[in-house]
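Undergrad: Line by line, the protein sequences are chains C and B.
Residue numbers for the first sequence follow numbering that gives the first Met the number 0, so the first one is 0 and each next one is one higher.
Residue numbers for the second sequence follow numbering that gives the first Met the number 0, so the first one is 0 and each next one is one higher.
Don't read these hints as lab results, they were simulated from the structure.
Worth double-checking, as some hints may not be accurate.
[Stated by the list, open to error] Partner residues aside, some chain C positions facing chain B, computed with beta carbon under 10 angstroms: (1) Glu367; (2) Ser377; (3) Val485.
[Unchecked claim] What follows is a list of derived Cβ distance ranges for each label pair: (4) C:Asn271 / B:Glu110: 51 to 61 angstroms; (5) B:Ile158 / C:Asp162: 23 to 33 angstroms; (6) C:Leu390 / B:Leu165: 56 to 66 angstroms.
Built from N, CA and C at the ideal position, the CB exists for glycine as well.
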Amino acid sequence: MLQFPPWKVLLVLGIIIWGTLIALPSAVNMSGAPSWLPKKPVNLGLDLRGGVYLEMEIRPEEVIQGRLDVFARDVRSALQRTDSAPLIPHEIEITGRRMAVKLMKPEADGSYPAAAAIARIERVNGPLEGGLAGGKTYLVSQTSPDTITITVPANSENLMVADALAKTETIVSRRVDPDGVAEISLTPSGSNRLILEAPGEPDPLRLKDLLNRDGRMTFNLVEDSPSAIQAAERGVVKPGYRLLSGPTTGPLLVRSIPEIVGQDIANASQGNDDANRPQINFRLTGNGARKFFETTRANTGKRFAIILDDVIMSAPNIQEPIPGGNVRITGDFTIEEAQDLAAIISAGEMPAKVQFLDQRVVSSTLGEDSIAAGFMASIVGLLLVGTLMVLAYGIQGFFAVISLTFNIILVFTCLVLFNATLTLPGIAGIVLTMGMSVDANVLVFERIREEQRAGRSAWTAVQAGYERAFVTIMDANITLLFSAVVLYLMGSGPVKGFAVTLALGNIVSVFTSVVVTCMLTVFWMKLTKPKRFAI
Amino acid sequence: MLIKYWPAELNIPFMKFNVIGVSLSVLMIVGSIFLLATRGLNAGVDFAGGSVIELSETETVTVAQVRDKIGGGLTVNSATGSDGKRLVVIRFGELDESLLGPEFAALPDEEKEARASSVSNAYIVNELKRTFNLTDQQILRNDSVGPKVSGELLWESLIALGVATLFMLFYIAFRYSWSYAVGGIAALLHDTIGTLGLFSLLQIEFDLTTVAALLTIIGYSMNDSVVVFDRMREVRRKYKQMPGAEVINLATNQTLSRTFLTAGAVFIAVLALLFFGGPVLQGMAVAMVWGIFIGTYSSIFFASAIVLALGTEVNKPSDEIDTPGFQGVS
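The task is simple: from the sequences and hints, build the whole structure.
TA: The following block contains the structure:
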């Protein structure tokens, strides 16, 4: 335990210096520092900064409905005519959680080709995602001579909802925080809920607007003939077309079937046009770019509409075929609107609409003056504890204070590295580990004193002191580490914040109070070669 | 340094006082439970919800002035608004009935419950206007806020704490023995209930800061018990024939200098919080001062007495844990 070969010394020093550099931005404003230094300060929780708290859920019915809508397309194409099989005429109706496929044309003998239809539907009915033992996603059965009913079994439903929740989580975080730099925290709760905490965000309405959109982005061709638009406005819409409108375009008749859909869009961002007005740039995927080129080549001279959630954003003329897949939307946007829209388009389509259950603007528990006072109190406390330790143990006490200081610094390092959030109970966790760190040093020193009283020489007393106290320190730390892990896994909110810093502080404090103090003590003893360990 | 003046051999017969010690503890626990049942906790805005009022800071309207001149136990903080202006932020829940006037006191209970929040808000707004001659425009924000900690969340946290306690119970039982595990958990409950009792007695606002204090006290209590147990285990293994009370006395005396130093260090740290931490952190600091005190007390008198009653025997050492510490020359 008292052996400190050069590699070990370098390792300890390396951890301390590197850790301090990472923790530094949390205490000091680093904006003027050289660019290679880390700049990211620790995240502060809602209770220390105030901000917006949103609780939302997705409805399982909607998720199922959305999935059935998609599956209906597969069923339809499965029943089309192919090289080897004839068309099976049918009608599809989706009501709630079931889809009915009604066969329209009996065979020559009066029976319906239900068995053949089921076989062809089963071919597009994929295996249960992540399911065991070959379960299928949908349950396909014949319920009357001419009707096939498709339902979603319970285990499949659970998987779909879980999948939708995970997708929603990704989309929410991409929309609210497209660059991944804001300190939002997004926690799933139960099977279909999400809790969003955005410290420092003053406006819940902006967040809700951002999350309320479906994010369904399509490019559709426009039917320009004035007579067709007038007919549509009278309520006679040309079949295969829809009448939509937009703030800058007015009402337009667009084809129902889109040319480009959300999946063809690789990403979107806010940019500026030649006159330096905000616009939205987006890039299509390889496949999307090819489709877009084909469409623009076949329809040169016509207009197409860029549609987001059934609102036309823009409807430019196609002057020439457009290769490369770079598209932009110009319009009357503010920078913020353009950024939000770009985030919505990039994030993709929500699997189901989010419903807001709870929305709160939280003011911080501690105001700035209380945080300043608390900081002041911590400094005074640390100085007093330091004085006590030095008075009691002399130079060894001073070593203990050094390791205590690094204990605090390294906890912040871990918080920054794990992107964890510091909350008020989290600070309490740090205070507790500081107490345990002091205790660990006291235990070691007291043990050394005892061993020396029992007649051991300085070196052997130090060795025995560290080894024996180590058992005690580990028992105490493991007990609390256990409970910190349980609190982290099971708890939420304030308890979780406490658990994070307690667990990190626990591990760090063993390192600082045993390894760092021990190393300092060993160096000091090598330097002074004392006969007795003065303590 | 100064620690060398600590007497090397102490022989205080702690276990002679265990009847007194346990009686005091039981008295405190019963008293705390009685207080919690009758007076209850003073739930703060974090738990009960309430109002947030923001004023812009001027020469006369400052955090200190509002704290001084407006009664009702408000939480007053300073903050910086989005436009860089200094703000005075006032947070409060339902005020004491005596402040809300005879009209309110005459209402039936259900009405009271439904209207307490809005009547409290109106009262404070009125007081602020009267005291500082404010116009409506000077009150920048007056919102009701929901609780930061919902009932569901509180319940979840309690379950998590319960399971964590069970884990500690099993870990101590595995490393020491069941009697130590029971003693340690009893001390933990002792400290938690005692602290909650103090909250109830002084009607300290129970908010996130006090939850933080409570969690810290639980952790400190556990750490302290384990350290004392560790020495008891060592003494027990060394002197196999020694009576239980003497084992505990010896272990407690041997660790007494450590107990005083550690408790002293933590104590002065929380005293610093009490004197320099400002009024908002005062509740937290009071809780910690008391918690550290009873946490140290319970390890020596309460946990030990339970271990003594249940038996000081420890599990057989397994080789990896108890290599007799030290293999050097002597």
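Undergrad: State for each hint whether it applies.
TA: Structure-based check of all given hints:
1. The closest approach between the C-beta of Glu367 (chain C) and any C-beta of chain B is roughly 5 angstroms, which is under the 10 angstroms cut-off, so the hint is satisfied.
2. At its closest, the beta carbon of Ser377 (chain C) sits 8 angstroms from a beta carbon of chain B; the interface hint therefore holds under the 10 angstroms criterion.
3. The closest approach between the C-beta of Val485 (chain C) and any C-beta of chain B is roughly 4 angstroms, which is under the 10 angstroms cut-off, so the hint is satisfied.
4. Between Asn271 (chain C) and Glu110 (chain B) the beta carbons are some 59 angstroms apart, a value that agrees with the proposed interval 51 to 61 angstroms.
5. Between Ile158 (chain B) and Asp162 (chain C) the C-beta distance comes to about 28 angstroms, which sits within the given range of 23 to 33 angstroms.
6. Remark: the range hint 56 to 66 angstroms for Leu390 (chain C) to Leu165 (chain B) is contradicted by a beta-carbon distance near 41 angstroms.
Hint violations for this structure: number 6 only, all remaining hints satisfied.
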